[in-house]
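Taken in sequence, the protein lines are chains A and B.
So the first sequence is numbered by my numbering: it starts at 98 and just counts up by one.
So the second sequence is numbered by my numbering: it starts at 250 and just counts up by one.
These aren't lab readings, by the way, just hints derived from the structure by calculation.
Ideal placement from N, C-alpha and C gives every residue a C-beta, glycine not left out.
Mixed in with the good hints there might be a few duds.
[Claimed, not checked] What follows is a list of derived Cβ distance ranges for each label pair:
id : chain 1 : residue 1 : chain 2 : residue 2 : range
1  : B       : Gln382    : A       : Ile103    : 33 to 43 Å
2  : A       : Ser318    : B       : Asn586    : 55 to 65 Å
3  : B       : Gly404    : A       : Asp226    : 51 to 61 Å
4  : B       : Asp599    : A       : Val294    : 43 to 53 Å
5  : B       : Glu386    : A       : Glu289    : 15 to 25 Å
6  : A       : Arg219    : B       : Ser597    : 33 to 43 Å
7  : B       : Ser330    : A       : Asp226    : 41 to 51 Å
8  : A       : Trp122    : B       : Glu386    : 46 to 56 Å
9  : B       : Lys564    : A       : Ser318    : 49 to 59 Å
10 : A       : Lys165    : B       : Gly404    : 52 to 62 Å
11 : A       : Gly351    : B       : Glu385    : 54 to 64 Å
12 : A       : Ala245    : B       : Glu385    : 21 to 31 Å
[Claimed, not checked] In silico negatives: residues of chain B with every beta carbon more than 10 Å from chain A:
id : residue
13 : Arg349
14 : Glu350
15 : Glu380
16 : Asp488
17 : Arg511
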Amino acid sequence: MVLPKIPIGDTVAWLVDAADEYFGWLFDFITDVINFLVGNFTDLLIGMPPLIFIAIVALIGWRLAGIKVAIGSVLGLFLIWNMDMWKPAMETISLVVIATVISLIISIPLGIATARSDMVHRLVMPVLDFMQTMPPFVYLVPVVILFAIGNVPGLIATVVFAMPPAIRLTGLGIRQVPKDLVEAAEAFGATEGQKLVKVQLPLAMPTIMAGVNQCILLALSMVVIAAMVGVGGLGGMVLRGIQRLDVGMGFEAGLSIVIIAIILDRVTQKIGGKRKTTT
Amino acid sequence: MSKLIVKDLVKIFGKDPKKALELTKQGLSKKEIFEKTGQTVGVLNADFEVQAGEIFVIMGLSGSGKSTLLRLINRLIEPTSGKVYIDGEDITAADGEKLREIRRQKLGMVFQRFALFPHRSVLDNAAFGLEIQGVEEKERHEKAYKALELVGLKGWEHSDVSQLSGGMQQRVGLARALASDPDILLMDEAFSALDPLIRKDMQDELLDIQSKMNKTIIFVTHDLDEALRIGDRIALMKDGEVVQIGTPEQILTNPANDYVERFVEDVDMSKVLTAEGIMKRPDVVVTTKDGPRYALRLMREKGLSSIFVTSRDRKLKGIVTADCCVDAVVNGYNDINRLIIPDVPKVSPDTNLQDIIPLLADSKYPVAVVNEEDRLLGVIVRGALLAGMMKKGGDEDGAA
Ligand SMILES: Nc1ncnc2c1ncn2[C@@H]1O[C@H](COP(=O)(O)OP(=O)(O)O)[C@@H](O)[C@H]1O
Ligand SMILES: [Mg+2]
């Protein structure tokens with residue numbers, strides 16, 4: 098006997114088509130908004146003289162993570178400039194920053210919701226498992242169909258890819274706040290909001306910052322994959338290096354990605370670490 | 250009118266309290282009900298009134314339902330049935346807004362493990378309740394300063410709570426509860442996590458504060474000594490039920506049933522007649538960094554012929570005698586470590602009096618009382634031992 102094939106693939110394809118047909122206006126709107134954000138921010142970064150950008154990064158690095166990180170950042174950025182990777186690097190940073198911000202705007206409230214309601218927790222966790230085990234190429238295809246080639250599908254895929262750890266760690270951080278501290282807040286008559294803002298979030302901050310750090314690094318790790326759907330920047334350079342067998346260019350672009358990753362990691366890691374010692 | 254009225258209060262933990270409630274009416278025990286239904290009887294038919302200005306102690310063994318009863322009063326735990334009135338107002342019927350209002354204005358709480366906020370300074374911990382009420386910063390800090398001064402923490406306002414010792418942390422906990430000037434203080438084993446001597450200090454301090462502020466205090470403890478010491482009245486709990494309520498005198502002389510009698514007996518024997526009960530505070534000690542000259546001066550001041558030596562974290566190192574110190578000073582060496590006699594009689598706080606007597610008789614030094622980590626908790630000298638025995642005799646006369 099031959100078992101009939103369950104038409105999962107066909108169904109998904111049909112759903113994507115239907116979504117495109119009936120909600121096309123919505124996707125167009127999202128596309129416009131994202132293009133507007135990414136375009137302007139990229140222009141701003143590219144338009145800024147590299148020295149000023151380097152000075153700003155050095156200052157932020159110094160304030161948040163200390164002098165060593167600041168010096169390392171300056172050297173790394175000069176190397177990127179020197180390798181002639183400045184413009185693609187700015188495009189990549191712009192996309193990563195915007196993707197991270199969007200991820201966090203979604204993840205942190207969602208993480209808080211999973212901590213506050215067992216119901217939400219039970220609903221969201223399997224979805225996160227699904228998101229994290231599914232290779233990004235798989236959702237790249239429908240996203241491209243809905244949003245066409247360009248920055249937008251790359252950004253959306255990046256957001257999807259970068260969200261799960263931020264949601265998980267936000268939820269975990271809040272659940273880990275000692276029960277008697279939450280009880281104390283309640284005993285003194287705190288509202289739910291006061292409990293969250295004055296006790297749970299501050300105490301969960303090191304864990305939440307670890308989630309933010311993960312989120313940024315995952316976003317950055319997507320740049321090469323995002324380049325496959327038309328995102329430019331360093332990912333595009335790596336991809337071109339592969340296609341043209343230009344080892345030198347591919348390596349320089351890859352190195353630039355690594356430098357940016359290390360800078361972002363060190364700076365955001367130290368924020369979380371610093372909180373940890375005071376709590 | 251009573252400040253607090255607790256009426257037929259019941260708390261059953263579990264999904265189907267009705268069934269468990271039925272079984273309690275048939276007279277089944279807490280254990281049987283748990284085996285039959287999987288429901289836990291937390292508190293059963295608690296019924297009492299507390300007057301303004303009273304210190305009302307809830308006492309019982311671990312698991313007897315003390316914490317649950319206390320949390321039913323400010324509704325951190327929702328009752329299964331029954332009523333709680335504060336100043337005649339039914340708190341079990343209050344909506345969220347009203348409940349918060351009552352918690353803010355009338356109820357302060359102190360926790361066993363302190364439950365201080367590690368991300369806030371001592372001052373901001375004390376001011377927490379006022380901050381929640383929306384009191385502006387200047388005023389709430391003023392009140393928090395006052396509350397901290399009241400509990401003896403003046404000068405520590407800007408410290409981190411983690412820098413403080415356990416006793417001081419609980420003072421912050423007390424200040425936090427007092428800062429918003431509530432009528433009622435709920436204290437859940439507030440001093441149980443502290444060293445015995447610090448615990449006694451805190452009890453004194455609480456009585457002192459009470460004489461100034463005249464709060465109504467509901468104090469949970471599993472320690473009969475503590476209950477007797479601070480309680481105006483004591484409610485004794487067993488398996489969720491209040492088995493006797495009375496003044497300390499009534500509880501001691503007239504135990505309502507076997508359970509109370511055993512409790513009273515047990516605790517009496519094991520506390521009053523132990524090392525912990527008769528030891529003196531070890532405030533005259535030297536540490537290993539001090540020199541023999543200093544040790545000698547201290548001994549002369551206090552009229553001692555020997556003195557205990559501890560490390561800086563109060564771990565017992567041994568004892569030095571005046572003779573040795575004189576020798577050292579004369580011969581000009583300054584390291585006290587070489588003078589220490591490490592072999593001194595040591596006992597744990599719960600050692601019985603009978604076992605201490607031979608130690609004292611055999612040794613020319615006082616007996617050291619140390620905890621498991623070898624930290625010096627107290628010192629027993631011959632005089633104190635005698636006093637302890639007198640007390641034993643006196644108590645037995647009183648009970649007879
Ligand atoms: N949240 C809870 N869920 C289920 N059972 C509980 C809960 N809290 C307390 N209990 C049970 O209720 C009984 C009384 O507990 P508790 O009030 O904490 O006792 P005590 O403070 O006297 O040690 C115990 O048997 C305990 O296991
Ligand atoms: Mg308890």
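We went through each hint and held it up to the structure:
1. Separation of glutamine 382(B) from isoleucine 103(A) is about 60 Å and departs from the stated range, judged on CB atoms against 33 to 43 Å.
2. Separation of serine 318(A) from asparagine 586(B) is about 58 Å and conforms to the stated range, judged on CB atoms against 55 to 65 Å.
3. In this structure, glycine 404(B) and aspartate 226(A) meet the distance hint of 51 to 61 Å, their C-beta atoms being roughly 53 Å apart.
4. As the Cβ distance of aspartate 599(B) to valine 294(A) is approximately 46 Å, the hint placing it in 43 to 53 Å holds.
5. For the hinted restraint 15 to 25 Å between glutamate 386(B) and glutamate 289(A), the CB-CB distance of approximately 23 Å keeps it satisfied.
6. A C-beta distance of roughly 49 Å is found between arginine 219(A) and serine 597(B), which places it outside the suggested range of 33 to 43 Å.
7. The supplied range of 41 to 51 Å is met by serine 330(B) and aspartate 226(A), whose beta-carbon atoms lie about 42 Å from each other.
8. The hinted window of 46 to 56 Å between tryptophan 122(A) and glutamate 386(B) holds, with their beta carbons roughly 50 Å apart.
9. Evaluation of the 49 to 59 Å hint for lysine 564(B) and serine 318(A) yields a pass: the beta carbon distance comes to about 51 Å.
10. One distance hint, 52 to 62 Å for the beta-carbon pair lysine 165(A) and glycine 404(B), is violated here, with the actual separation near 37 Å.
11. Checked against the hint of 54 to 64 Å, the pair glycine 351(A) and glutamate 385(B) passes, with Cβ atoms roughly 56 Å apart.
12. As the Cβ distance of alanine 245(A) to glutamate 385(B) is approximately 55 Å, the hint placing it in 21 to 31 Å is violated.
13. Not every CB of chain A lies more than 10 Å from the CB of arginine 349(B), the least distance being 4 Å, so the non-interface label is violated.
14. Listed as a non-interface residue, glutamate 350(B) fails to keep its Cβ farther than 10 Å from every Cβ of chain A; the least gap is roughly 7 Å.
15. Chain A draws glutamate 380(B) into its interface by the beta-carbon criterion, the shortest separation being 7 Å against a cut-off of 10 Å.
16. Aspartate 488(B), annotated as away from the interface, keeps every beta carbon of chain A farther than 10 Å; the closest lies near 24 Å.
17. No beta-carbon of chain A comes within 10 Å of the beta-carbon of arginine 511(B); the shortest separation is about 32 Å.
Consistency note: the structure conflicts with the earlier hints numbered 1, 6, 10, 12, 13, 14 and 15.
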